[in-house]
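Number of protein chains: 2
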Amino acid sequence: MNANSSNQLWIYDTTLRDGTQREGLSVSTEDKLRIARRLDQLGIPFIEGGWPGANPKDVQFFWQLQEEPLLQAEIVAFCSTRRPHIPAAEDPLLQAILSAGTRWVTIFGKSWDLHVTEGLKTSLDENLAMIRDTIEYLRSQGRRVIYDAEHWFDGLKYNREYALETLNAAIAAGAEWLVLCDTNGGTLPHEVSSVVKDVIQVVGDRNSPQIGIHTHNDSDTAVANALAGVLEGARMVQGTMNGYGERCGNANLCSLIPNLQLKLGYSCIQTDQLAQLAQTSRLISEVVNLAPDDHAPFVGRSAFAHKGGIHVSAVERNPLTYEHIQPEQVGNSRRIVISDQAGLSNVIAKARTFGIELDKQNPAARQILQHLKNLESEGYQFEAAEASFDLLMREALGKRQQFFTIKGFQVHCDLVSGIEQQNSNALATVKITVNGQDILEAAEGNGPVAALDAALRKALVNFYPQIAEFELSDYKVRILDEHSGTSAKTRVLLESRSHHQRWTTVGVSTNILAASYQAVVEGLEYGLLLYLSTEAALSTHQ
Amino acid sequence: MNANSSNQLWIYDTTLRDGTQREGLSVSTEDKLRIARRLDQLGIPFIEGGWPGANPKDVQFFWQLQEEPLLQAEIVAFCSTRRPHIPAAEDPLLQAILSAGTRWVTIFGKSWDLHVTEGLKTSLDENLAMIRDTIEYLRSQGRRVIYDAEHWFDGLKYNREYALETLNAAIAAGAEWLVLCDTNGGTLPHEVSSVVKDVIQVVGDRNSPQIGIHTHNDSDTAVANALAGVLEGARMVQGTMNGYGERCGNANLCSLIPNLQLKLGYSCIQTDQLAQLAQTSRLISEVVNLAPDDHAPFVGRSAFAHKGGIHVSAVERNPLTYEHIQPEQVGNSRRIVISDQAGLSNVIAKARTFGIELDKQNPAARQILQHLKNLESEGYQFEAAEASFDLLMREALGKRQQFFTIKGFQVHCDLVSGIEQQNSNALATVKITVNGQDILEAAEGNGPVAALDAALRKALVNFYPQIAEFELSDYKVRILDEHSGTSAKTRVLLESRSHHQRWTTVGVSTNILAASYQAVVEGLEYGLLLYLSTEAALSTHQ
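Protein chains in written order, with this note's numbering: chain A, 1 to 542; chain B, 1 to 542.
Source of the hints: derived by calculation from the structure; they are not laboratory data. All C-beta atoms in this analysis are idealised placements derived from N, C-alpha and C, irrespective of residue type, glycine included. Warning: the hint list may mix true and false statements.
Stated by the list, open to error - Which residues of chain B face chain A? A few of them, derived with a C-beta cut under 8 Å, are: (1) GLU118; (2) HIS412; (3) ASP414.
Said to hold, decoys possible - Pairwise CB distance ranges (calculated): (4) B:ALA54 x A:GLU286: 35 to 43 Å; (5) B:ARG103 x A:SER28: 56 to 64 Å; (6) A:GLN270 x B:LYS121: 39 to 47 Å; (7) A:GLU286 x B:GLY101: 49 to 57 Å; (8) B:ALA364 x A:SER28: 37 to 45 Å; (9) B:LYS157 x A:SER99: 49 to 57 Å.
Put together the whole structure using the sequences plus the hints.
In structure tokens form, the structure reads like this:
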């Protein structure tokens with residue numbers, strides 16, 4: 001790997017190590033392999049796989065990659081320096097990292113004197129020896145070494161001389177990269193700039209090691225800090241996909257890569273790989289089982305969403321006016337949001353995304369807009385319920401398929417001293433017609449909505465077996481008019497999913513069960529539309 | 001307001017205007033008032049309330065604030081410049097902003113020639129006249145004016161001369177603040193630095209207008225961009241709580257304020273107000289019914305969470321080693337994932353806010369903590385449900401009064417073709433004991449929660465006539481565990497009120513009715529406690 005070309009940067013992904021420190025995130029070896037292969041496809045040159053000495057799961061992960069290696073990326077094993085006062089060759093942690101069988105290893109060491117004396121409880125000289133011995137030993141075993149200088153920015157602030165000595169130890173021992181880590185995430189961009197500049201002046205005239213930057217988001221500036229480092233000459237950027245990481249997370253590669261490549265002219269990954277960024281981000285969030293952040297820069301579902309009539313007509317004439325990059329460059333897409341601020345051009349633009357061509361002269365367009373406004377004044381909200389909006393448009397255009405008709409339902413709940421017996425079953429009975437056949441079904445559930453959902457599925461599943469795959473993934477209820485007590489109107493937003501597709505429906509009623517019922521019924525209907533419609537599925541949002 | 005002191009900054013909150021552009025966020029007038037009063041307590045000097053001309057809901061909001069003004073903050077009305085080719089005095093938008101009755105108004109105008117010709121479809125000269133006339137007219141009506149230069153950074157890049165002319169028009173007309181807006185959010189921090197420096201050089205020698213900065217997060221650098229502006233001399237910082245805003249959001253004030261105040265030495269709000277930041281952030285997320293971001297810098301639940309033995313012992317010996325600030329400075333707390341030590345002081349601090357003095361030796365403190373932790377692990381959340389927390393503490397201290405005992409309830413709903421007949425009544429039957437007397441009552445309602453509430457009141461009103469005064473003022477439901485479909489756990493937050501007092505209770509269950517029931521019952525109980533308790537009412541939050 002050649003680090004000389006002036007606008008070439010090396011992205012170093014640590015989703016599989018630092019990223020998994022995020023509270024609430026846990027991954028299996030299979031998950032890790034799946035993520036690593038996807039990052040490889042994305043063109044990430046360095047993928048940190050884990051700490052083989054500290055985590056048995058990681059040992060297995062590296063073994064599996066030895067059997068079936070990545071295509072392009074270097075998989076990197078991570079480890080601390082040797083323990084105090086033992087020879088490097090006798091430290092089992094270093095044996096474990098060697099048996100991971102990677103070409104590259106990352107060793108982290110202490111830069112901050114306080115952490116040496118308080119954390120490691122050893123002398124400052126012994127810490128220098130630990131850095132030197134560890135790197136020399138790994139080099140002697142044929143490994144190439146990246147040195148992560150932990151707590152670099154704090155260390156430099158408190159004891160500049162000692163911090164620089166630790167870097168010099170790593171250089172002398174043969175590290176090829178020196179990565180400056182803002183471990184506590186407290187540094188601000190202008191400080192990063194001056195520190196990186198300082199370091200490059202001090203170590204930069206020797207010809208070998210290159211500088212890298214590793215930042216955390218505790219000050220909400222992780223991405224800006226990494227950019228500041230690069231602008232001063234850092235050539236490796238460490239971060240995680242979706243910014244996963246301990247506390248407030250690491251620098252988000254999904255933001256860094258497009259900023260570096262599209263705005264600053266650096267070269268990180270290929271153009272066609274960059275166009276897979278949004279998909280990769282979403283896939284990874286699915287694999288780690290965390291809801292994707294709709295508002296994430298570049299890759300979020302809302303990153304290029306427009307509402308308000310003026311915005312929409314302007315963006316259609318000239319996207320530059322309201323978009324900082326073209327969404328397609330990062331694999332995202334423009335989205336026109338429907339809301340009561342919507343003008344006719346919103347409705348038309350929206351219809352187009354569903355494959356329906358309307359024009360301003362078409363009376364249906366105005367009719368849809370009017371219907372939309374009436375419903376929104378009753379409390380419906382289609383901004384977050386695109387599936388219901390799609391159904392509404394199909395209705396207005398006479399294109400709504402009738403998969404089933406509901407004749408009525410009943411729900412009965414019986415709670416004895418409510419709090420003690422929360423799971424008392426509710427019983428729902430539904431009467432529906434499918435293909436001219438009347439069906440009466442009853443089902444129990446934990447609560448009335450679950451019972452209702454169960455009864456509907458039971459009634460429909462023989463006709464539409466796909467329904468067994470649908471699941472409800474989010475359910476939000478909000479009261480609309482205060483001062484009306486429990487008789488106030490409630491709005492239910494219901495998100496359903498099946499495999500990788502998700503869709504949201506809405507229901508509004510003074511009766512929370514009726515509102516839930518509407519959203520549940522439309523959710524099932526829309527799912528059937530996606531999987532059964534003779535037309536191509538018109539709208540999905542992943 | 002005096003903008004001369006060199007380290008004084010003016011925070012300008014636009015949660016209630018730009019923040020509400022966030023997809024999926026919608027607020028009632030009551031919600032807006034509650035947020036405004038909370039921001040006022042936090043010490044935010046400028047609070048943008050909305051656009052009175054464009055939104056009827058905002059008109060009402062400003063009227064209500066005229067009746068009952070904020071304590072300290074300036075509430076600001078927002079509006080565009082007049083429309084092309086009509087006199088300012090005849091533009092209904094400007095009449096609407098005047099009738100909002102605020103001392104300060106913010107006017108946004110076009111800086112980018114492309115937006116003038118493509119968006120407004122008028123001439124460059126007419127745009128200058130629109131800026132000038134609008135500000136002059138509002139000044140003549142006694143208003144102080146903040147000028148938001150929309151698309152400033154893009155405008156300057158494409159036509160520097162014209163962009164500067166627009167600023168000069170605003171200055172000449174009497175604007176006291178010029179706010180440079182990165183409307184599309186595409187600008188990076190180093191570009192913000194050089195532009196703000198440039199602008200201050202060009203307009204800075206005239207003595208009147210001060211510079212402000214307004215940034216969006218499309219490049220994941222909104223906070224860093226605002227910091228860059230301040231470091232070059234901007235003295236007003238616009239942003240939103242929790243970073244809410246269109247697309248990827250606005251600059252997050254919950255990150256900006258601590259960065260500016262704790263790290264850069266600027267003065268924004270008072271120290272004791274800063275210590276309310278995390279609580280304010282969470283309250284606002286509850287009011288707008290969005291899950292708080294656990295990983296948010298400074299204010300998130302995970303922002304100071306430590307796991308792993310080394311971290312924990314090091315952080316206990318010397319917090320500086322792993323924390324960039326003291327969490328208490330922003331009202332957050334350290335959380336040691338394996339220890340409950342941090343929690344205990346929370347409970348004690350919380351008890352103190354209710355006027356109960358506990359100490360660490362009191363076994364009740366540990367018992368409350370344990371009970372609290374069990375409940376929170378089941379999904380309860382007491383941050384926004386202080387009435388329920390108060391009841392829980394009284395329970396643990398043996399001080400909970402028993403106004404009534406519930407023996408059980410039944411609910412029955414019958415919907416015929418649900419959607420057409422939304423108001424079908426639900427029927428609820430409750431059995432309770434009051435003062436040793438068994439009561440069985442039934443009542444109908446619009447939906448099961450209303451029926452249940454009605455039946456309970458009917459059963460209790462003869463014993464406690466005050467109950468007739470209580471009303472339910474908000475009702476929010478959120479699903480807790482995804483992937484469990486309609487059987488997932490739901491959390492209900494219920495706000496009750498009587499005259500000027502409000503209190504919030506919480507219920508959690510897989511059965512939405514059981515969760516609602518808990519919150520309704522505790523809401524009635526707490527109301528009785530407020531009005532009947534022999535002790536002084538311990539906790540109310542308005």
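Status of the hints after comparison with the structure:
For GLU118 of chain B, the suggested interface contact is upheld, since its CB lies about 6 Å from the closest CB of chain A, less than 8 Å. At about 5 Å, the closest approach between the beta carbon of HIS412 of chain B and any beta carbon in chain A falls short of 8 Å, and the interface hint on this residue holds. Contact between ASP414 of chain B and chain A, as hinted, is supported at the beta carbon level, the nearest pair being about 5 Å apart and thus within 8 Å. At roughly 39 Å, the beta carbons of ALA54 of chain B and GLU286 of chain A sit within the given window of 35 to 43 Å.
At roughly 60 Å, the beta-carbon separation of ARG103 of chain B and SER28 of chain A lies within the given 56 to 64 Å, and the hint holds. Separation of GLN270 of chain A from LYS121 of chain B is about 41 Å and conforms to the stated range, judged on CB atoms against 39 to 47 Å. For GLU286 of chain A and GLY101 of chain B, the Cβ-Cβ distance of about 51 Å falls inside the hinted range of 49 to 57 Å, so the restraint holds. The given range of 37 to 45 Å is respected by ALA364 of chain B and SER28 of chain A, whose C-beta atoms sit roughly 43 Å from each other.
One distance hint, 49 to 57 Å for the beta-carbon pair LYS157 of chain B and SER99 of chain A, holds here, with the actual separation near 54 Å.
Comparing the model with each numbered hint stated earlier shows that all of them hold.
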